[in-house]
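Peer 1: Protein chains in written order, with my numbering: chain A, 1 to 317; chain B, 1 to 285.
If you are wondering where the hints come from, they were derived from the structure by calculation, not from laboratory data. Worth double-checking, as some hints may not be accurate.
What the hints assert, rightly or not - The calculated DSS-like cross-link candidates involving lysine-lysine, where the alpha carbons are at most 27 Å apart (straight line), are: (1) Lys-122(A) x Lys-17(B); (2) Lys-6(B) x Lys-122(A); (3) Lys-10(B) x Lys-129(A); (4) Lys-17(B) x Lys-6(B); (5) Lys-83(A) x Lys-281(A); (6) Lys-122(A) x Lys-10(B); (7) Lys-17(B) x Lys-129(A).
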Amino acid sequence: MTSANVDPAAAPLTAASAGGSASGRRHAGLTRRLVPYGYLSPTMLLLTVLMVVPIVMVIGYSFRDNVIVNKNPVFAGLVNYAKVLTDADFLAALQNTAVFISVSTAAHLVLGLTFAMMLNTKLLGGITKAVFRIVYILPWLFTIAVIAVIWRLLLDPAGVVNYVLQTLGLIQDGVSWLGEPGTALWAVTFANIWSGYPFFMISLLAALQGISADLYEAAAVDGTNWLQRFVHVTLPQLRPVIISMAVLDLIWTSQQFALIWMMTGGGPLNSTEMLSTYTYKQAFSEYEFATASAAAVIVLLLTAALAFFYVRQQREQ
Amino acid sequence: MTGMAKTRIKTRHTLAKAGVITGLVIGGLFAGLPIVWMLSTSFKSNGDVFQNPPNLITDTFSLDAYLEILGNGEQLRFFLNSYIVAFAVTILTLLVALLAGYAFSRFRFPFQRTINAVIVSVQVVPPITLVVPYFGLVVALGLYNTYPGLILTHMVFTLPYAIIMITAYLNTLPRELDESVKIDGGTSWTALWRVLVPISVPGLIAVGVYTFMISWNEYLFALTLTRTNDMRTVPIGIQLLMGQHSYEWNQMMAMSILGSIPVLLLFLLFQRRFIGGLTAGAVKA
Chain A
1 MTSANVDPAA
11 APLTAASAGG
21 SASGRRHAGL
31 TRRLVPYGYL
41 SPTMLLLTVL
51 MVVPIVMVIG
61 YSFRDNVIVN
71 KNPVFAGLVN
81 YAKVLTDADF
91 LAALQNTAVF
101 ISVSTAAHLV
111 LGLTFAMMLN
121 TKLLGGITKA
131 VFRIVYILPW
141 LFTIAVIAVI
151 WRLLLDPAGV
161 VNYVLQTLGL
171 IQDGVSWLGE
181 PGTALWAVTF
191 ANIWSGYPFF
201 MISLLAALQG
211 ISADLYEAAA
221 VDGTNWLQRF
231 VHVTLPQLRP
241 VIISMAVLDL
251 IWTSQQFALI
261 WMMTGGGPLN
271 STEMLSTYTY
281 KQAFSEYEFA
291 TASAAAVIVL
301 LLTAALAFFY
311 VRQQREQ
Chain B
1 MTGMAKTRIK
11 TRHTLAKAGV
21 ITGLVIGGLF
31 AGLPIVWMLS
41 TSFKSNGDVF
51 QNPPNLITDT
61 FSLDAYLEIL
71 GNGEQLRFFL
81 NSYIVAFAVT
91 ILTLLVALLA
101 GYAFSRFRFP
111 FQRTINAVIV
121 SVQVVPPITL
131 VVPYFGLVVA
141 LGLYNTYPGL
151 ILTHMVFTLP
161 YAIIMITAYL
171 NTLPRELDES
181 VKIDGGTSWT
191 ALWRVLVPIS
201 VPGLIAVGVY
211 TFMISWNEYL
221 FALTLTRTND
231 MRTVPIGIQL
241 LMGQHSYEWN
251 QMMAMSILGS
261 IPVLLLFLLF
271 QRRFIGGLTA
281 GAVKA
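The following block holds chain A by itself, in its conformation from the complex (with noise of 0.2 Å):
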């Protein structure tokens, strides 16, 4: 499942332990069966405070009256998924989020391939390939800020994309892309398919890399023609690594957080509003810590359902 998982056919260092008497042998063995704990002890330590002890108390707010604000919290049950899962707003930013992740993850993969298999071509040279490879990899080093004002900068209604629409003919007066509640969720949708492509491609890339030539060789000496090749020989030898880059894509997708605010803040009308952007809202905008403990926890169930189906489809390759 994972690469940190090793061979179990690698000989134990822990039989390796010989001499002394019989007490002295069992602790020196008992030391050494400590050794491999005492490695992870500082990974174990971080992960519990600040994994397993968040999750804890984000669940035990979640079923509390307004905590952090309130010295006090009394138990509360589940009113607080109550008038999450009843909140219109809540439920706005759930469909949001489904169209957000599934748009989003279904160009990355069009366009991650299309580019993948641009860069893959035998027909040019390393060092022509090599550029646009550098060129195509761009839009994922800049940090989710910059894309942010990049693409507020470029829709902005006196930008340069309304100019060249217009000057195209495609559209008459200049468009609030992020301001009209129309398309504002498509302009925040485009611009995380800008920045986020770039993890498909390299992926892809590699897979490409990986299928043998002898494949292509074979279909050709059947007379198949270039799409025959794609359909019957690339796509089967890419699909594992598709569906584990499209199920990781969208648990990522739903967790951005930073280029929504930064775009939008969840507006105009909750027309963008996230799962993610509704959670720190009810937290830090209307400090009701616990009903943002609510949408939190559902956050991670939903998450982890995703996971699941991804932990699987993992075994079963």
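Knowing the structure of chain A, use the given hints to seat chain B on it.
Peer 2: Okay, now just chain B, sitting in the frame of chain A:
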């Protein structure tokens, strides 16, 4: 083969080549133009940013926006904070992950698979789920608005990846290396530091670069766990430029470029190694 068939194949080859080049150029424009526009805007005066028709280079071409950022103590402080936090996160992550990776690579012990599964699954826990309890925790520990608060919380995202990558790297090194140290009477500790670490430098660099990038780019925790501008990092600094008076687009773009330089440089320097490690981790993680 007849001459005509040869010409036909040659023509088809040229056509295919032209098609690929056209596709690559269109894709390259899609990827590169927004960045070119950012660069161009950073050299304009703020009044020329939305000039109609737009120009890549205007009469007001200057480095003023950069000088403005670099001459402003508050902005420089954002950079200093980002460097302090990212370097500390990188060093601590490498140290902690090296020990953990060593345990996973060279020892067999009970609960190994379980602990490993926990570390892998930590990677998908949403930051937004953690931010509410972190806020409570960091305030309770007296780490609100401090470097350690940011450094510790960043490590929760850098550690799992680093452990997975380092374990994979150590697994590629032959066991005979550390066995020979033990035959000479050394412990597993000396084997790690005398033998494995020196030859793992390339792998550690790749992990370090990735760690630095994650920390340098982190936004949510930097936003919620700091309060005053003297503790904030570059991504928040960029956002603050957006909020203030009117929009200083040229300064925002100059700050964005200055803030991107460390990551761009690291990537270009270690490109090959980095992509190799990344794809190995992404596909297997």
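Peer 1: All the hints need checking, so say for each whether the structure fits it.
Peer 2: Here's how the hints hold up against the structure:
1. Lys-122(A) x Lys-17(B): Distance ~9 Å between Lys-122(A) and Lys-17(B) Cα, so the pair holds.
2. Lys-6(B) x Lys-122(A): holds, 19 Å
3. Lys-10(B) x Lys-129(A): Given that 27 Å is the threshold and the Cα spacing comes to 22 Å, the pair holds.
4. Lys-17(B) x Lys-6(B): Measuring from Cα to Cα gives roughly 16 Å; hence the hint holds.
5. Lys-83(A) x Lys-281(A): Roughly 15 Å between the alpha carbons, so the hint for Lys-83(A) and Lys-281(A) holds.
6. Lys-122(A) x Lys-10(B): At roughly 15 Å apart (the allowed maximum being 27 Å), Lys-10(B) and Lys-122(A) satisfy the hint.
7. Lys-17(B) x Lys-129(A): Roughly 13 Å separates the two Cα atoms, so the pair holds.
Checked against the numbered hints given earlier, this structure breaks none of them.
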